[in-house]
Amino acid sequence: MATKELVRMENVWVYNDGIPVLEDINLSIESKDFLGIIGPNGGGKTTLLKVILGLIKPDRGRVTVLGMPPERGRKYIGYISQFNLFDHDFPISVLEVVLMGRYNKSGLFHRYREEDREAAITALKTVDMLGYKDRQVGRLSGGEQQRVFIARALVTNPRLLLLDEPTASIDPNMQAEFYELLDRLKEDMAIVLVSHDISAVSIYVSEIACLNHQLFYHGSKEVSAEELEKAYHCPIQLIAHGTVPHRVLREH
Amino acid sequence: MLDALQYQFMQNALLAGLLAAIACGIVGVYVVVKKIVFISGGIAHASFGGIGLGYLLGINPVLGAMAFTIASSLGIGLVTRRTRLPEDTAIGILWAMGMALGIIFIGLAPGYAPDLFSYLFGNILTVPFFDLMLMLILDVVIIVLVALLYKEFLYLSFDEEFSTVSGVPTESLYLLLLCLVALTVVVLIRVVGIILVIALLTIPAALARQFTYSLKKMMLLAISAGVVFTFSGLWISYVLNLASGATIILVSGTVLFLSFGINKLRRRTRGDSHTASTA
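Residue numbers (the working numbering), protein chains in the order written: chain A, 1 to 252; chain B, 1 to 279.
Simulated from the structure, these hints should not be mistaken for laboratory data. The beta-carbon is built from N, C-alpha and C at its ideal position, and this holds for glycine as well. A few of these clues could be false.
What the hints assert, rightly or not - Taking CB as the label site, the calculated pair distances span:
{"#": "1", "chain 1": "A", "residue 1": "ASN16", "chain 2": "B", "residue 2": "ALA67", "range": "32 to 40 Å"}
{"#": "2", "chain 1": "B", "residue 1": "PHE260", "chain 2": "A", "residue 2": "GLN82", "range": "29 to 37 Å"}
{"#": "3", "chain 1": "A", "residue 1": "ASN16", "chain 2": "B", "residue 2": "THR126", "range": "50 to 58 Å"}
{"#": "4", "chain 1": "A", "residue 1": "PRO20", "chain 2": "B", "residue 2": "PRO86", "range": "20 to 28 Å"}
{"#": "5", "chain 1": "A", "residue 1": "SER206", "chain 2": "B", "residue 2": "PRO86", "range": "39 to 47 Å"}
{"#": "6", "chain 1": "B", "residue 1": "LEU132", "chain 2": "A", "residue 2": "TYR15", "range": "51 to 59 Å"}
{"#": "7", "chain 1": "B", "residue 1": "ILE143", "chain 2": "A", "residue 2": "ASP59", "range": "41 to 49 Å"}
{"#": "8", "chain 1": "A", "residue 1": "ASP134", "chain 2": "B", "residue 2": "THR126", "range": "41 to 49 Å"}
Please model the complete structure; the sequences and the hints are all you need to start from.
Structure representation (structure tokens):
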């Protein structure tokens, strides 16, 4: 199947209080991509995702999602935010959370139909959480909550999955499981994963970009130490390709 | 007490208590889970400007309060969403400005305002028939809107950002939710008064929250709690000859604190089985 351009950003600038958060971003995301974006905290990673979703309007430049403005194109995007910020006492069940993702298909005033419920059940099966569908979501562990939020993003069968700091609140031993899930999902959709933690952008991603107000896109996982330093302004762990994926700590 | 039930004013008072419990049970749940208690307090106090306007124009002050409160909740909502003024600052300003306007309006109104005190602290025993009908209509409006927009309000309260991405018109819904708070304030003014409204908006919902994690059940529980509070508060105030609004609030608050204590004890005695089930 030929690849298709899902997101195109051209010369995008975003300012916050007159200070540029994103500087002249050019980015193209295609239908088979699995892109990891790394960069320091405050480097504009979340802002970049919100621009793609149309939650933040760029001050300059152009963004399209499947050739449409982000507000219309975002229904093809599944979004997983830094979810650990939600109120853990909130009275909502796992199934209700996942059904949120189907809102686009039902809309204002409409009740959910059987097919919406089926889609939610299927998504919960995909992330192996069906047994928890009637639980209050705040009562689950961090890793389980995350899988519920992934199910919510999957329930519309998105073309693109955006994940913001997905490994921040799951145990290290759950991370391997999490990446295996993404590995299965990447067959069906493009994935963009954003993290400040370089080790999080693991062996599974196929392209890497560094973001610190400016975007340094590498196209492959071969990132030179100089490029990483430019993004982080400090010496940094180096990621390298090889027969065995490994990381090298640069001398400094 | 049973003798008292044959009096018209007592029957009206019970009806007023029921209508108040329905409004605050439904809307109070959103106020608590969406954490908009402070903004609701601001809307309630700003409604005093509407009471003053009612006196000045010579119309029913509750009608004045309704128009004024809806306008001020839209204003407060837009200011906090669209400007860079911090939300709590904006609320504090509007809170005081509404009350200040009320004082000025009442000062300008001819004559003197005899039942002003009952708008501030409520008097469930003197709710006029017209106001009862207004409360009934507002309750119906609240029930219909919440029934139609149940999932939208749930999503707005739980995760506004994701709701926006999924196509929920979050800003309009947020403003509508504030208008529902405004209507609830109007329903409650006659019962507990402007100053005490916030307690009935929060206590029944906070109590209900301890016993369920379904928003619907929380509303039903909060309504039941509200009915018990207003009826028992009314009865105690009647027997002991106390101010009704204040008695209702004190009864509610006392029960809430008792329930916190009981819940804590219950959790401690069930401690072992609870940790086992979550492991």
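_Numbers of unmet hints, in rising order_ = No numbers; nothing is violated.
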